[in-house]
Every structure is written in structure tokens, then in C-alpha cells.
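Q: Read top to bottom, the protein sequences are chains G and U.
Note that my numbering has the first sequence beginning at 11, numbered continuously upward.
Note that my numbering has the second sequence beginning at -18, numbered continuously upward.
Any given hint could be a false lead.
[As the list claims (entries may be wrong)] Cross-link-like lysine to aspartate or glutamate pairs, in silico, DMTMM-like; alpha carbons within 20 Å at most:
(1) U:Lys58 <-> G:Asp207
(2) U:Lys135 <-> G:Glu169
(3) U:Lys161 <-> U:Glu143
(4) U:Lys329 <-> U:Glu310
(5) G:Lys184 <-> U:Asp85
(6) U:Lys329 <-> U:Asp216
(7) G:Lys184 <-> U:Asp90
(8) U:Lys266 <-> U:Glu310
(9) U:Lys135 <-> U:Asp85
(10) U:Lys(-10) <-> U:Glu14
(11) U:Lys112 <-> G:Asp189
(12) U:Lys266 <-> U:Glu300
If you're looking for bench data, these hints aren't it; they were derived computationally from the structure.
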Amino acid sequence: MTKFLRRTYMGLILFFLYVPVLLLVVFSFNASKSRGVWGGFTLQWYVDLFKDRAILAALRNTLVIGLLAAAISTLVGAVGAIGLYQLRRGWRQGLMGLVNLPMLNSEIVTGVSLMLLYTAMNLELGFLTLVLSHVAFCIPYVVLSVLPKLRQLDPHLPEAAQDLGATPTQAFFKVILPDIMPGIFSGFLLALTMSIDDFVISFFTTGMGVQNLSITVYTMAKRGISPKINALSTIIFVVVLGLLAAVNLPDLRRKNAKASRPPV
Amino acid sequence: MSEHLIELKDLTMVFEDGYTALDGINLSLNRNEFLTLLGPSGCGKTTTLRLVGGFAAPTSGDVLYMGKSIVHLPPYKRNINTVFQRYALFPHMNVAQNIAFGPDLRRQDKRETARQVADMLALVGLRGFEKRAVASLSGGQQQRVAIARALINKPAVLLLDEPLGALDLKLRKEMQVELKRIQVESGITFLYVTHDQEEALTMSDTVVVMRGGQVQQVGTPQDIYNEPVNAFVADFIGESNILAGTMIADRRAFFLGHPFECVDSGFGEDAPVDVVLRPEDVKLKSVDAPIPGAPRGVVISTLFKGVHYEMRVSVGADELLVHSTHAREPGTPVQITVAPSDIQIMRKSDMSPDAPARAEEAALPISDERM
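One chain only, chain G, in its complex shape (with noise of 0.2 Å):
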């Protein structure tokens, strides 16, 4: 009985979470026009998006900002992380804490503070903004993805890369980089994700007719529901779905790996 309770209970978080999307992937293969009837299967929505040339435009956009800004916060991040790791307790964990914030920040102070500042830095709105603003949010992420790869690190091993006869430049590169690597490459992904995924500040930060997805498919929203945006929607998902599945798998297999090695 407390079986049958725990799964039903299981299954409704489980039925509420998804069944909107699973409707919204439904729907894009939907031939009716219309949002209640079934009219039979096609592919037709996905053959129209990519003739819409205002889709695939902001569809390069979001790649090319997405890819621009995961690779500068990464960079940034990454750096950002080791300077943090080597700093005394006290310091990292109040620094910790002002990385963190902008993560939980509301969208939208964010978005607006942000066209605020480049206004007033007479920057103009645009695609130079969108790629600040994304590599702005995406850095506290890359972060707290390498922070922990540092943290695992022996401490003995930069001493000891040292003693066999490496420069502290040689150390970093051969020993510490190539083992927070999986943890630079998860940050890469999450920025990335983040960024395809952003519509709140990009809306904010953006102008002169620069527009990447999300806001592709709100203006499209708003002159009334095409079956191309479920299509569009239905591509993000399962987009931003993969690159989830890529930043957690590696983690995932790493402790089965573990768990199912005999005790030495």
C-alpha cells in the first residue's frame, strides 16, 4: 500500500512537470492548426521554421552569442576559480558569496541594471551587449562547476609535480589543468545552455533588431500562436535537454565506476 502511494505520488510530480512539454512536443508534429484536435501526424512545422528567415537569423545568433560567451566565461570563470581556490577561507568564502548572488538575483533587476550600465556607457544595444551580458551571467557558473574539481585536488600534487622538476607554469598545465578539465568542460556546457536558453536580460540588453530564440519566439507569441513556435520550442528543449544530459553523464558514470569497483 505505501508502495502504491509512494509511486502515485512520485508519478503525479513527475505527470505535472512534464505533460506541458510532452503536449508541446504533441503539438509541433500536430497537422490541425488548431490546439484541441488531433489532425494527424506531419513534419510540416519543421519544414516551415526553417524556411523562416527571421528563425534561422536568430537561431545563428543564439549559436554564435551562445558559443561567444560560454568560451569568455569559461575563460574567465575558470581563472576566476583557481584565484578563489588559493585564497585564505575567510576571503573565498565572502568572495563564494558574491559570485553566487547574481545567480539568485531576479532576472529581471539583472537585465535592467545591465541596459541601465551600458546606457550609460553610451554602449549601444545590440549584438556586443547581448554577448557582455550573457558572459556576465554565465560566469558564476562556470565557477561553481571548477571550484569543485579544485577542491578534490590532492594539495600534495602541484608540490609534487614541483619536486619531480616542474616550473609552477609546468605544474599547472600538466597536472592541475588536465584534472580540473572535466570540470571546465561542464562549466563550458552549463554557460552554454544558459545562454540558449536566456530570454529575460537578452530581451533587456538587446537592440536594433538583434534577436536570438526565445525572443524570436516571444514577438511570435505575440502576433498569435503559429504551430512553428511549438516546433521551435520543441528544438530548445531537446537542445538544452543534450547538453544537461552531457554536463551530468560523465559525473553519473564516474561514481557507478566507483561504486561497483571492489574495496582495495
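On the provided structure of chain G, position chain U as indicated by the hints.
A: Leaving out everything else, chain U in the frame of chain G:
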């Protein structure tokens, strides 16, 4: 060229928080020597090792290598390698890559390196382990890889920081023999740090007993065991009876309420001293045939310890620990004899049985080896 390979001169280390880890250490290490720094947690042995390795700079004093100061050289410019307590193997490299780390940095020919790696693996008893992942090795195997990784660089000195601490008892005993064999075969000077007196006595040519950042005694394992210079050394090295006594005259000591003949002299007349008796040197005799001048006591307890029996014997106000292969029932009256050469006389120290409370020892954190 100096006769000593490494010399430590007045090494002092005071940490930022004012803690004095080393208080004027003077030591010399000779070629091919197996020298062990032995002492309890916080005695400064690991700090000494780190100063020789170049991982820290002393507050004052000097480290000499063949007569030349190396105190300002970074670790990567010293011809010294270290085996770390937790091995510190590089997790993203396999066994061969770990061992080849030093040669690869020097851009040594790859084939030459591969041959040396194979030789090193043979030396540490891990033939054919080249391609294994580091994480798949047991603690003892990782230990051996760490030794191979250091030895392939043919260091002038190998530093070992409690390398057997993480191994279980049986493996530790095996590795003691192995380490000694590796040291003899490779002909490399070992500077070894441990808090385990048995480890120190088993492997070392020279043992340095340290306490509170100072050297207490330097000597061969036999010297340290048989002739400890003070009560701290006697107490730290094996089980011992430390009794308050008096030197009546040269070669005559008074303790356990009786005068004893001994072999020590030069303490002056009626000087208060500490007397060390090793448990296996105290002989118990039956009271049936009275021995003149022998103190009498009563057996309090008897425990079987495998090779010997461990007995507690009360003699007046004192209590003696006695090891013997011959068991005596608790309550048995006995006479006590000790051969003159088995009586070790030491000057009084703050570890003496009648010294005031050992405040310093109690204040030291138990597991906090500094740095």
C-alpha cells in the same frame, strides 16, 4: 667538497601564528645513509623534511647540499625527490606516465625513458604494471609507484614523509623490508620521517629523535634503544621503566631503595638521576635462595603476550614492567636483579617520573602535524 651530503644549520621555523615548529635544528646526512626523523606529532619532523625538499623557507638557518647553500632554491631546482604521505600520484596519468613525469620534463629520449620505467617497476616489484590506471592500484602498489616515480630521477636524497602511515600492519611490515632493500639496491640516501619507533629502529642507519622542534638524540637504532639520553627518548622508544634515583658515586646508583652496580660515571656524587630499565632486562628470581642486596617485590599481574609474559611487579612505592618467558602467578614474592650493563643512567629532564606536570605534552594537539 664537503664530507656531508646534506647539512642543516640552526634551522628555525616560526609560523605566522607564532608557533615555533623548529627551534635550531643541526643535522648532517651522509651519502648512502638511511636517516630517520622520529618523534610524536608536532615535533617538527615533517617541517624539517619540507625545508630540505624546498616546499617552505626557514625563518632562519641554512640547508647545505655538498657544502653549498640550497635554502633559496625552489623544489624543481633541487636534486632531491619526495615520496608524499598520500603518494600524490597524478590521477589522470597511468603508472608509466606517472613514473616518466620527471624524465619527460627533461625531454629525455622516449625509448630510454621506457626502459628506465621498466627497470624502476622491477625494482619496486611491479613488473608489467605500465598501462594500469593509478586509481585501480591498492595503497601498497600506489606507494611503490610513488617511490619509482621519485627514484627514476636518481636523486641525491629521497625524502619519505610517513610513507607507510596509510597501510595496514601486515603490509607495513612487508614494506619496511622492501624499503630497506630498495635503499640498499639503489644506493640512494634516504631521509625518512615517521612517528613509529619500530619502523625507525628496523630500517634506519641513524635515528634522530625529535621533540618540540628540537633534536633530542642522534644515534644508531641500538644506541637509541639501549642508551637513551633522557626520559623522553626512553619513553618514546619502546617500553621502559623510568625510575627516580641517585648517583651515589661513579658506577654506583641508588634506586628501588637499594644500591646497584652500574657502568655509568661522571654524574657527580649524590646527583639525582633517571634510571631506565628495559622490561626484558629486569630478572625475577625466586625468594627461596636470598640474594644479598636484591630488592624484593610482589607480582601484581601477569599477561600472556605471545612470545613473552608481561608482568607488573610492585617494589616498595615503585612498579616495574617485566618481560619474561617464565610466568609467575600474581601474588608471588620475587627478588629483582639487573645486570650492571643493563642499567641506563640519564640526567633529569622534564619527562622524569618526579618532574612537574607535562604541561607542554598535554597542550599539543594530537593529530596536528604542522604543515
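Q: Determine which of the earlier numbered hints do not hold for this structure and return their numbers in increasing order.
A: Violated hints: 1, 4; rest satisfied.
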